[in-house]
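Chemist: The sequence shown: position 143 = 143 (the numbering used here), numbered continuously.
No lab work stands behind these hints: they were computed from the structure.
Please note: incorrect hints may appear among the correct ones.
[To be verified] Using 27 Å as the maximum straight-line C-alpha spacing, the simulated DSSO-like pairs for lysine-lysine come out as follows:
#	residue 1	residue 2
1	Lys157	Lys96
2	Lys157	Lys99
3	Lys188	Lys168
Remember, predicted model here, so these are calculated numbers, not experimental data.
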Amino acid sequence: MNSYFLIWLIGMIVLIIPRINFLVRGYIPILALILVFLAMLVRPLVMTGRLFTENWTEDLFAIDLFIGLTFGFLIYALLHSLSDRLRKAELRRLGKISKLIARFSFSLYLIHYPIINTLYYWIAKNGFSGLQPNLISIVVEILIVILICIFAFFFSKVTEAQTHDVRKFLQTKTNSLINSRRNRVLNKQNEVG
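All chains should be modelled from the sequences, with the hints used to inform the complete structure.
Modeler: Written as structure tokens, this is what we have:
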């Protein structure tokens, strides 16, 4: 079993853990957000050998697990501390944003990793050794994420947005094929009978 499956499981476990009252107080989501930012800052420091290791390392499972745990804690805190307030609030704008993101989420899931790998490979091939953890690198990473989301949105217009039309076309063709075969069988039965 791939050990990174455990990190994926954190996201699933968050959804089934019951509400624990002391973990959903007002300051807990803020604390969880601070922990996520801390984890995000620690990862490049560990990878480059500046924290906990002496040299560059790609063995980052422990730090990735820490990021997964802190992000899971943030999601848990937000789910349970804001759920009552969100149920009472009017969420038209949030609903529109959620529907927009949902329209291209599968495309984003499919293409984000190949794009990132291709981009980093191309950059490394041209002599760039990586971003140092600073404000500029964070802005660059945010821009990359935004560009990937935009690309996934347009990619989904060609793929996901056409799913209904493709399904309708396939159903029509399948039904016509089934009906033509059924008609042939009925015609043969009528000729014999």
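Chemist: Each hint needs a verdict: does it hold in this structure or not?
Modeler: Structure-based check of all given hints:
1. Lys157 with Lys96: It holds: about 17 Å lies between the C-alpha atoms, which stays within 27 Å.
2. Lys157 with Lys99: Judged against 27 Å, a Cα distance of about 14 Å means the pair holds.
3. Lys188 with Lys168: 30 Å, violated
Of the numbered hints stated above, the single one contradicted by the structure is hint 3.
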